[in-house]
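Given the sequences, and given the hints that come with them, work out the whole structure.
To convert, take the position in the sequence shown, counting from 1, and add 105; that gives this note's numbering.
Just to be clear, a hint being listed does not mean it is correct.
Stated by the list, open to error - Calculated lysine-lysine pairs in the DSSO-like style (CA-CA distance at most 27 Å, straight line):
hint, residue 1, residue 2
1, Lys166, Lys264
2, Lys196, Lys271
3, Lys176, Lys271
4, Lys166, Lys359
5, Lys463, Lys490
6, Lys463, Lys444
7, Lys322, Lys196
8, Lys166, Lys109
9, Lys123, Lys366
10, Lys366, Lys396
11, Lys150, Lys166
12, Lys196, Lys333
13, Lys366, Lys271
14, Lys333, Lys221
15, Lys333, Lys149
16, Lys333, Lys380
17, Lys196, Lys176
18, Lys370, Lys396
19, Lys421, Lys380
20, Lys370, Lys424
21, Lys444, Lys421
22, Lys427, Lys352
23, Lys376, Lys444
24, Lys380, Lys370
Claimed, not checked - Simulated restraints, written as ranges between beta carbons of each label pair:
hint, residue 1, residue 2, range
25, Ser227, Tyr127, 25 to 35 Å
26, Trp142, Gly231, 52 to 62 Å
27, Ala239, Ser137, 46 to 56 Å
28, Val435, Thr114, 15 to 25 Å
None of these hints come from the bench; they were simulated from the model. As the structure is a computational prediction, the values presented were derived from the model and not from experiment. Where is the CB? At the ideal position from N, CA and C, for every residue including glycine.
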Amino acid sequence: MANKNKFSTRCVHEGEIKDTMYQGIVSPLFMSTTYPWFGGDSEKKPYPRYFNTPNQEFLSKKIASLENGEKALIFTSGMAAISTSIMSNVKTGDHIIFQNDLYGGTRNFIQTEFDKFGIQYSFTGGLNPEDFSAQIKKNTVGIYIETPSNPLLKIVDLKSVSSIAKQNNLWTMIDNTFASPVNQNPIDHGIDIVIHSATKYLGGHSDISAGAVISTKEKIENILNSAKNFGGNLSDYTVWLLERSMKTLLVRVKQQTENAKILAKMLDDHKNISKVYYPGLQSHPSHSIAKEQMNDFGAMMSFDLNENIDVYTFLKSLKIIKPGMSLAGVETTVNFPMKTSHGLMTQQERDIQGIGDKLIRLSAGIESHEDLYEDLVQAINSSIK
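Take a look at the structure:
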């Protein structure tokens with residue numbers, strides 16, 4: 106039976122392991138990699154690579170609950186979760202439709218690995234329902250999306266994609282990292298499989314690398330069959346750290362989201378910012394869709410600096426905000442997608458998506474928004490050519 110407690114209560118208490126020896130109030134950590142087995146085909150056989158050690162199993166319950174799914178798996182990274190989920194749902198000769206706007210690592214995985222296994226794929230020309238329908242072939246088996254997208258915060262209509270998939274007997278898969286379970290629950294809108302880079306909001310402190318997949322019991326069992334072979338299980342110590350971090354997920358993301366909404370409006374009015382990409386702005390082309398399917402608009406945003414601003418000087422001039430390779434920590438960070446998250450893409454691919462040489466991605470932290478805005482302004486003023 107699904108846990109009927111509120112989201113904040115589930116963040117703290119769902120998936121706890123009871124300390125029966127000392128009655129400690131936090132989950133004990135079980136570091137053993139070897140557990141007894143006494144025979145019997147139906148007997149449970151705990152083993153780290155089988156994703157079924159105590160800490161793995163209990164934290165999976167918390168993650169599944171927060172995404173309103175039946176079951177979850179925890180991986181060593183977001184890419185481990187993505188690659189395992191995709192490869193367990195495809196075979197040679199199959200075709201998958203991918204949203205054109207994707208995290209650069211996902212796109213590189215597709216373009217590097219699929220041809221080796223005879224897997225066909227195509228990218229949509231846009232984000233409208235007809236863009237997905239137009240790519241369906243006789244051998245199409247699934248649709249993979251990412252919304253809000255990295256790095257331009259583009260929005261895909263979840264219900265429309267789900268409807269198209271169900272009409273054509275296709276599975277659907279989403280990277281829900283940017284939204285987090287706090288701000289979006291795709292399963293509620295008909296999406297089959299939800300993926301997170303748990304390195305980001307679920308971990309939230311820039312010190313954990315992990316991934317997660319949530320779906321029905323049947324679909325998770327299918328992914329698990331491949332996961333055992335690929336060996337992408339997370340160490341129990343990191344699982345324990347991730348559970349500790351997720352207890353504060355709601356309070357962290359709510360504050361980060363509030364900061365992002367304020368900063369987006371302030372930057373949208375700044376004379377040296379040519380464009381702000383944030384679904385919470387009414388000027389965002391998919392603001393109405395985001396408002397309908399998201400619980401809130403998220404803590405990620407991007408903006409284009411004016412041509413008279415030197416990007417590298419801007420990054421070096423920041424004092425509170427840190428340039429960084431990742432996102433979603435309690436500290437505010439910025440990223441230069443052209444050289445980092447989407448650096449493996451060709452210039453033509455970046456041009457098609459709109460990832461320019463002045464684009465900055467910002468992950469709002471929990472600091473004072475006044476201090477953050479002041480830091481951004483002084484860095485901009487220091488970078489005028």
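Problem set entry | 27 Å Cα cutoff - pair Lys427, Lys352 | holds, 25 Å
Exercise. Hey, Lys196 versus Lys271, does the alpha-carbon distance stay inside 27 Å?
Worked result: holds, 20 Å
Exercise. Within 27 Å, alpha carbon to alpha carbon, are Lys463 and Lys444?
Worked result: Holds, at roughly 11 Å.
For this session: Given the hint that Lys421 pairs with Lys380, test it: the Cα-Cα distance must not exceed 27 Å.
Result: holds, 21 Å
Problem set entry | Beta-carbon spacing of Trp142 to Gly231 - inside the hinted bounds 52 to 62 Å or not | Check passed, 53 Å falls within 52 to 62 Å.
Problem set entry | 27 Å limit on alpha-carbon distance, applied to hinted pair Lys166 and Lys109 | Answer holds: Lys166 to Lys109 is near 14 Å, not above 27 Å.
Problem set entry | Pair hint outcome, Lys123 versus Lys366 [Cα-Cα no greater than 27 Å] | Not satisfied, since the Cα-Cα distance of roughly 39 Å exceeds 27 Å.
Exercise. Taking 27 Å as the top limit, are the C-alpha atoms of Lys376 and Lys444 close enough?
Worked result: Answer holds: Lys376 to Lys444 is near 25 Å, not above 27 Å.
Problem set entry | Hinted pair Lys333 and Lys221, Cα distance within 27 Å | holds, 21 Å
Exercise. For the pair supplied as a hint, Lys366 and Lys271, is the alpha-carbon distance within the 27 Å limit?
Worked result: violated, 34 Å
Exercise. Quick one: are Ala239 and Ser137 within 46 to 56 Å, going by C-beta?
Worked result: Taking Cβ atoms as reference, Ala239 and Ser137 lie about 52 Å apart, which means the hint holds.
For this session: Hint says 25 to 35 Å; check whether the CB-CB distance for Ser227 and Tyr127 agrees.
Result: violated, 56 Å
In terms of the numbered hints stated before, the structure departs from hints 9, 13, 16, 25, listed from lowest to highest.
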